[in-house]
Structure formats: structure tokens, C-alpha cells
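Whenever a hint applies, use it, and build me the whole structure from the sequences.
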Amino acid sequence: MNNLTKEEEAGLAVLENLTSNVKQIQMSSDKDLFKKNVPIGTYEDFKPYIERVATGESSEIISGRPITGFAQTSGTSGGKRKLIPLNNKYVENARFLSDLRYFVLFKHIEGHNEGKGLRLLFRKPGIKTQSGLTASYATTHLKKSDYFVKNPPSYWDTASTSPSEIKFCPDTKQSLYCHLLCGLVMRDEVTRRLCDWITNLSCRDSVSKVLGGPNPQLAVIIEDICNQKSWKGIIPQLWPRTKFIECIFTGQMAQHIPLLEFYGNDLPLVSRNYVSSEAFFGVNLNPLCKPQDVSYTFMPNMSYFEFIPVGEGDDTIVDLVNVKLGRYYELILTNYAGLHRYRVGDILQVTGFYNSAPQFRFIRRQNVVLSVYLEATTEEDLLNAVTNATQLLKSSDIMLRDFTCYPHISTVPGHYVIYWELKGNKNDDIIELIETNVMVECCSVIEESLDALYRNFRSKDGSVGALEIRVVQQGTFDSLSWNIS
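Take 1 as the starting number for the sequence shown in the UniProt record's numbering and just add one per residue.
Some hints could be false.
Mimicking DSS-like on lysine-lysine, the simulated pairs with C-alpha atoms at most 25 Å apart in a straight line are [as the list claims (entries may be wrong)]:
{"no.": "1", "residue 1": "Lys324", "residue 2": "Lys290"}
{"no.": "2", "residue 1": "Lys426", "residue 2": "Lys232"}
{"no.": "3", "residue 1": "Lys173", "residue 2": "Lys89"}
{"no.": "4", "residue 1": "Lys232", "residue 2": "Lys116"}
{"no.": "5", "residue 1": "Lys82", "residue 2": "Lys116"}
{"no.": "6", "residue 1": "Lys82", "residue 2": "Lys124"}
{"no.": "7", "residue 1": "Lys116", "residue 2": "Lys209"}
{"no.": "8", "residue 1": "Lys143", "residue 2": "Lys82"}
{"no.": "9", "residue 1": "Lys82", "residue 2": "Lys47"}
{"no.": "10", "residue 1": "Lys173", "residue 2": "Lys143"}
{"no.": "11", "residue 1": "Lys116", "residue 2": "Lys243"}
{"no.": "12", "residue 1": "Lys89", "residue 2": "Lys35"}
{"no.": "13", "residue 1": "Lys89", "residue 2": "Lys143"}
{"no.": "14", "residue 1": "Lys128", "residue 2": "Lys89"}
{"no.": "15", "residue 1": "Lys47", "residue 2": "Lys128"}
{"no.": "16", "residue 1": "Lys173", "residue 2": "Lys423"}
Have a look at the derived ranges for each label pair, beta carbon to beta carbon [as the list claims (entries may be wrong)]:
{"no.": "17", "residue 1": "Glu60", "residue 2": "Ile127", "range": "20 to 26 Å"}
{"no.": "18", "residue 1": "Phe34", "residue 2": "Glu110", "range": "43 to 49 Å"}
{"no.": "19", "residue 1": "Lys209", "residue 2": "Glu468", "range": "47 to 53 Å"}
{"no.": "20", "residue 1": "Ile248", "residue 2": "Gly115", "range": "18 to 24 Å"}
Just so you know, these hints were derived from the structure itself, not from any lab.
Values in this document were obtained by computation on a predicted structure and should not be read as measured data.
Note that beta-carbon positions come from the ideal geometry of N, C-alpha and C, so glycine has one too.
In C-alpha cells, the structure reads:
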């Protein structure tokens, strides 16, 4: 263990206390009376009341605490955007969990608290509802709230290379460029010129203060590194003191792990916490574990948690303290902003316990499946199948950069179409590297990796057509990302 300050030791003592008293914290109210009178609900059950608050009615119709804004979800999981009510308790929990996860990192990574992080954070301005409250991404609401501004996490101001103005720039491309530029400047406390196409005044002014003036020597260093034949390990080359890469790589985001490992070389990949627009759930207490081993220890003071068993033939709802090791559950949440016994839609597996606090691995989103007939292919099924197939690309010096899939049902029989964006390991022209026979074999491996029901419909009665891989132009997914943002 690294040498910790008194503040860090106190923070870890709070962690020990919380995880040792899960039952007392979660059972502090009359839960039986609560369960008897409050039914389990989905977003559609809460939607009419949330919309009434958004149009100007009192927030008391859903919450005993004043609603201060709404989180607007991206809609990538269920296909529809949601408005999630937020209040100061959400921000308070965010601050608490932020400090806690820093203390955990200090414990495991020596010198982490001595430097800065290149934090690629993007905040959108949001929209005003009829009530006057803003609907935006939860992170935007968080960082702009009065409570957060007055009570920032302990290491918030010193932890980032970028000024706040960059994080709140409405143009994502300009924001990303300025993030990277400030990160390169902090590399050796050197500067360079700010490009003319950065037109956002707050970005230009804040970055100009960091830069100070041009530095041709740094420009040459960066150019030499970026002109190498391969970008393998480029992150520690550009930032030689980097200790880890923090990102989301659970669920569908797991597809990006090989790319992160390629650019980061041997740098640890860290997923520090499990959060959503609805609530904060838990912390990864073993941040240096392998990506496939990431589990989150639930903090009992964040919300009231319940769980529906999945695939057990028993739908008896259990409390946080009664989950069983190895079993799968659907998460139910009661938070401080009016969502009572709310089905979050996440499927989790219990992987262990820290003191009396359960630890969970994120498995997938509920009801996110592909189907063209009677089969049901989950997000996890598809990811595992694609991962198996991409092993064949190594012989061609190619790697998968991104992918998506949709069920093509305009033909009979319907079939899966998977869009792949590929990249050469040595920045070569990808078209010259793609071999048709390898791609055909990739299709076969994916189909063989899917479940028995899919294979039966595919090979025996022809109810499912042949899977298809379509290779898209490099930069396609980035272009989609810019357009969506």
C-alpha cells in the first residue's frame, strides 16, 4: 500500500464503515410497508409525472426534495431518450463517490495524486423545459449545479490539465482539440500555437493562458512520434508519465478494449465506478484488475437497491444484503429524486463481497437483443462472437476499430448485418490488407459462436439467413459521433 495522507486514510475508513454496515443502512426504514404500497415500475410508469414537472407543476408530485434539473439520456440502450429528474442529493452523492474513488486509486497507484489527468470531458448546454429547469446530460447538470460549484470534490481543480471552459465548449471537435493541446502542454510544461479554426472564445482565451507562446521544439517531438509507421503504444510516448487509462469498457464498450491496449501498450485500463443518469451505484475497489474482471462494490448509502433474479425460475425480489454469489439479477432502484422501485434495466452478476457489501459485474442491458425470427441474441452474445472472429484479423495485421449490428428483415429470410470499421496496425491503406477469404471465415466464426437456437434456425430450417459483414470507410463511426453530438 502507498503512503496515504490523513484525509485519504479517513476516506478509506468511511469505505470500511459503509461496507461493514450494509444491512443497517439499507434496512433503516420500514421496507415491508414500502414494498406493500409501492409497485415496481418502468420509465413509462413515471413518465407522465416527470413530464408534468417539466411543464411547470411542483416537483412534490414525484419527490420530497426540490427537482433542480433533468438528465436527458442518449437513447442508445432502449432507442428512446428519457428525462430523469435530478436534485442536489444526486450531486452530493457524485461528490462523495468522486472522493472515494480517488482514495481507492491513491491506495493502488503510487504517485497518482502528484500529477494531472488528461480528462476528455464534454458538456452539452442542454435545453430549457417549460418549467425553467434545464434538461441536459447528467454530467453537464452535475458540473454546472450550484452545489457542485460550491462543494467540488477534493481533487477536482488540480486533477485536470484542461480549464473548465474547454469542458463546457458546445463544439465537441473544438473541445477535443483543446483538451489534447492542453494535455500535450502539460507533458513537459511547454506550449505551441492555437489553431485558427478554434473559434469558441472561451476555449481560445482559456487555452491561450495555458500556452503562453509557440514552442517549435515540442512541435517537432510530437510530429516525430505521430509520423511513426505504427501508433502502437503512442499514448505513453506522447505522455511518458502516464500511469493508467480510465474509461468505460463494460457492456457494449468492451469492444474498444483491444484498441485501447494497442494505443496504451501495457498501461492499466481502469474503470473506477458504476453510475447512471438515475443514480450512483458503486466503486471498483481493485482498479488494476483486468478489464474482464471488473466488479463494482455497491455503496449502501447511495440509494435503496432491490434485485429480481434472472434465469432462476424464481422471481422473488431480494434486497442488497440477500443476493447470492454467482447469480444474475435485474437491478431495481429507489433514489432520492422520485424514482421508487424503478427498473433500471441492467443485468448484473454477483462476483463477491467486500465486508458485507456485494460486488457486481455488469453483464448487459435488459431487452437489448437482436432477432430476425424467434432467436434472441444479446449484446453480450454478439460481443463475444465478434471478439472470437477478430482473432482471425491478426494474421492480416488488421484490428477492429468499431462495430454495430442490425437485424435486416426486409429480405426473406432475415439476417444479421454487422458493420465493421477496421484499421491497419501500421497505418497502412486498409483496403490493401483486407482478404476476402478471411472476412468470409470471420462470418463463419461469428455464426458458430452464437447460441444453439440461432445455429439451428440458420443451418437446419433456413429461418435465419447468412450473416453479413460490411466494412465501412475509416472514420465512419467518428463522423456519426460528431453528428449525433
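Q) Broken hints, numbered, in rising order? A) 3, 5
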